Structures are given as C-alpha cells and as structure tokens.
Amino acid sequence: MRAILVVAGNTYRETIRDKILYNLVLFAILLIGTSVLLGTLTIGEQSRIVNDLGLAAINLVAVIIAIFVGIGLVTKEMERRTIYTILARPITRVQFILGKYLGLGFIIVVNIAIMFAMFLATVWLSGNAIHRSLFQAVELILVETLLVMAIALFFSTFSSPILSATMTLGLYVIGHLTSDLKAIADKSQSQLTEVVLTTVYYVCPNLEFMNVKGQAASGVLVEAVYQMTATAYGLLYAGLILTGACLIFQRRDF
Amino acid sequence: MIGMLQRQLLLWVVSAVLAACVGLLHIKLNHWNNAQPKLQQVILLPSGEFLRIASLGYRELMADVLWLQAIQMMGDRTLTEESGHRLYQILDRITTIDPKFVRAYEAGSQALCMLVVMPEESNRLLEKGMRHNPQQWMLPFLLGINYFFELKDDAKAAEAMAKAARLPGAPERLMRLSAKLFVSAKAPQQAVELLAKAYEETTDDNVRAMLEVRLKESIVERDIQILEEAIRRYQDLYSQRPKQLQDLIHAGVLGALPSEPFGGYYIYESATGELRSSEMKDRMRIPVRRRGEYQ
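The listed protein sequences derive, respectively, from chains H and C.
Going by the working numbering, the letters in the first sequence line up with residues 1 to 254, in that order.
Going by the working numbering, the letters in the second sequence line up with residues 255 to 549, in that order.
Rather than coming from a laboratory, the hints here were simulated on the basis of the structure.
In this text the structure is predicted, and so the values were computed from the model without any measurement.
One or more of the hints may lead you astray.
If the Cβ cut is set under 10 Å, some of the chain C residues that face chain H in the computed set are [as the list claims (entries may be wrong)]: (1) Met-258; (2) Asn-284; (3) Asn-287; (4) Ile-307.
C-beta atoms are modelled at their ideal positions from N, C-alpha and C, and glycine is treated no differently.
Assemble the whole structure, with the sequences as input and the hints as a guide.
Written out as structure tokens, the structure reads:
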C-alpha cells in the first residue's frame, strides 16, 4: 500500500508541476463568461442556464484532463526510461499502475472540487438557489471521470498516446449513446444488427447511467439508491478496467 | 515465476468478480431507466434557442441525436396527451436547432396526428417548417391534409393545397385536389382562378389537357352555385321555385344564363330544385370520411 501511495504522490506532484491547474482559468472564463452572456438571452430560465453550463463545463474540463493526462501517465515514463528506475525498486507493476491511477484521481478530485466551488459561487452571486441535486450531479461526474481515466490508462498500457486518446474519446462517445443503440437494436429488423448493438450495449460502459445533469439543473433529485447503484457501477467498472490494465502491463516486455 | 503466475491468476479472478458485479449493476440500472417513461427526460431539456447556441456549431449533429430520441418515442403505437405535448416539445426544439430539418417537420407532424390527436400542434410545426423551408411542397400539402381530415376546414385545406401545388416538384394532381377542396369549401371561383392560372403557366400539353377538363368542371361548379343563389332569391320573392331557368332572368334575379363550358347546357328539375350539367355525370366531391366520421 505504501508503494502505491508513493507512486500516487509523485504522480500528483508531477502533474501539478505540469501546470494542470491552469485549466481552472479556462473553466472560470467558460463558466462565468458564458453564463452571463447566455443568461441574458433567455427569459425566466437563467438559473437553469447557469446550472446547465456550470455542470457541462465541470464535466468537459474533468474529462479532458482525465483523457489527455491519463494517456500520458504510463507512456511518458516509458519514453523517458524512468520506468526502469521505478520498477527496479520494490514496486510491482500492479502497484505502479494503481499508484498512477490514484495520483491522477486525486488531481481530478481537487480539480472538480475547486471547479464546483467556483460554480456554486457563480450560482449564488447570480442570485439563484443552490439545489442539493447539483451535489448529486457533481458526484456522478466525478465517478464518470474516474471511469474515463481508467479507460485512458488501460489503452495507454499497450498503445501510443494518440491512439489511446482516440480510442478513449471513441468509447466516451459510445458510452453516452449506448442507450440509443439498445433502443435501435430492439426495433431493428436485422438479427445481425440486433446482436451487434446489444453486445456493444452490454460490453461498453454506459456513461448515461452517471448523467443526471439535466435533472440536477432543474432541481430534481435522483433517488439515493439510484445514486449509490450508479456510483458502484462506475467505480466497479473502473476497477475492472484497471485490472485489465494491470494484466496487460504485467505481460509487457521492457 | 510462481509468484508471477499467482499474481496473474489473482488478477483474472478479480476481473471475473468485477465483471459479474458490473453486469448485475448494469441490469439493475437498466431496469431503473426503462421504468421511466421515455418522454419524461424531454421536459428537462433547455429551450431550443439555448440548445442551438450550446451546440457550438454542431447544430445538425445535436438535432440528429434528439431526432433519434424522438423516433424512439414515436415507436409507441399510441401516446397519451401528456406524452404528445412532450413529443411536440422535442420536435419544436429539434426544428429550432436545425430549422432546415424537413424530415422532422414531415414525420413529426404526422406522428402528432396519428399517435395522438393534436392537429393544432401539428399545424404549428408545419407552419414553422414552411417559414424556414418555403420551397418544400410537402409541408403545405401535409398542412392541407391536417385541415381537411383533422379540423374539417375545407377552405384552409384548399389554400394550403394550392400553396403546395405551386411549389417546385409538387405532383400535378395537387392542383386538381386543391380545386376540389375549394369547391367543397363553397368557393368554386377560387378553384377556377387557381386552375386558370395553372393552365396559363403550364407548357406540357398533356397537363394542359387535364387542367382544361378540371377548369371546366370548376366553372360548372361555380355556375351551379350562382344558379342556386339566384333560385334562392327567386324563392324569397315569389315563395316558390321557378318553373324553368329563364324565369330567373324575367324576375331580374339573374342577368343571363351561364353557358355550359363543355358545350352542353344546365338541367334544372323544378320539382326537386336539383341542378346539374348535361355533360358532367358527377359533381366535384372528395369521397372520403374524416376523423370522427368512421363507424
């Protein structure tokens, strides 16, 4: 466990040194700027627009960090040859992968926490009510981001950064469309289409389970049991993908 | 080596357990989502104007994604009125994001009449489509269908059909259909004007020949209406029907008898008051039943 925490700590420090927190400036501009601008375009829906934009911006920035930092976690160490010095120490490959994941996970948690605080301040300053549903949405955004991060890490254990980013983005898009794919499969006349789409539906992660932004922006709470089930689903799926990443990484020849 | 194999085995076992747990949770969440009405999520969508801006240039893509969802909703054979309103909301948003999405207007307006009886909303959608796509003949045509079958407003149906008939690509028979509708709406003069204009503009000899016949039929309908009106005024003056059509001229309620355009004459049955052309077997009528007229 100590080895995992050491790797995680190093990953955290390294990522912070890469000025990852600069993204918060982008987030602030995106959130505050567009909230003020678009808020004026609407009548009576300003609170909802601010909520929609805030949650979308948090989600977008967090997923971008998860993908583009996640794909570099392992490959960067390999390119710099620092992986040899790390693995020469009493650190197993599984511990290395888990440590890397934990380190970036912590960065994500800190980022989302700061963005959420800025978002709540914007909501409060614009004179709108802060609903409990916003907390639910952000919690599930965090779970979704952790899952996307695991996917990025998984691909980076066996492919190049560009390919990893492309595949992760692809899976992210599919993850949000699987419900529609299932509906199309149910109504499809072709048996082959039905089988293929149903398989895609059950094999790919369904990220829509963790998407309650629409309800949250309208102040509609989701049931606590659903929240917990979706959280468990996301985290267990991330665990499954990480296990796969460990299995592949163990077989790699350095 | 043995330690390595043990670790591998452990990882495989962990993977299998996690996969089983994920599978179970997937099914549970799936049941949860399926229990929610498909249309319920639509109410949570922001306005179309906002979505249009938020799509960041991917307007067509966003409209397509929403359209796919709308199609899933339309997959149900019938909808409640509440679901119908939500369907209208999503169609309105789709067409606000991408006002050129002609298919959404066409299929959406039909679903609003077939799956749930909401002709006013259906017409609103079609009128919006006509504003943004003035060259699409199908939209005013569907509007005419709605006015005729759903709202039983023949005059507006005829106007919409006439508009559709004048657009490029519209089938030639639309012109005849709109003429029939004008006749049905007791406005045969408009049918005559419409067909006369179409006759002048058409260069195809076959089409001209067909339009000529339809134009003459409309003139017959207009003449019969004029004669009926004159008979009514005669009855008001003399409290009885005229014996023959010439009596209308002698009584001063009609200047001259109209000439039958096919070269025939108008037959008048004084006993029943029935009027018809010697050359036309059937009157211009649309032999269909509309909503609410089915047994």
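Each hint, compared with the structure:
1. Hint status for Met-258 of chain C: holds, given a least beta-carbon distance of 8 Å to chain H, under 10 Å.
2. Annotation: interface hint on Asn-284 of chain C holds; nearest CB of chain H at approximately 8 Å, less than 10 Å.
3. Annotation: Asn-287 of chain C was flagged as interfacial toward chain H, and the flag holds, the nearest CB pair being 7 Å apart, inside 10 Å.
4. Checking Ile-307 of chain C against chain H: minimum C-beta separation of about 6 Å stays under 10 Å; hint holds.
Figure legend: structure checked against the earlier numbered hints; every hint is met.
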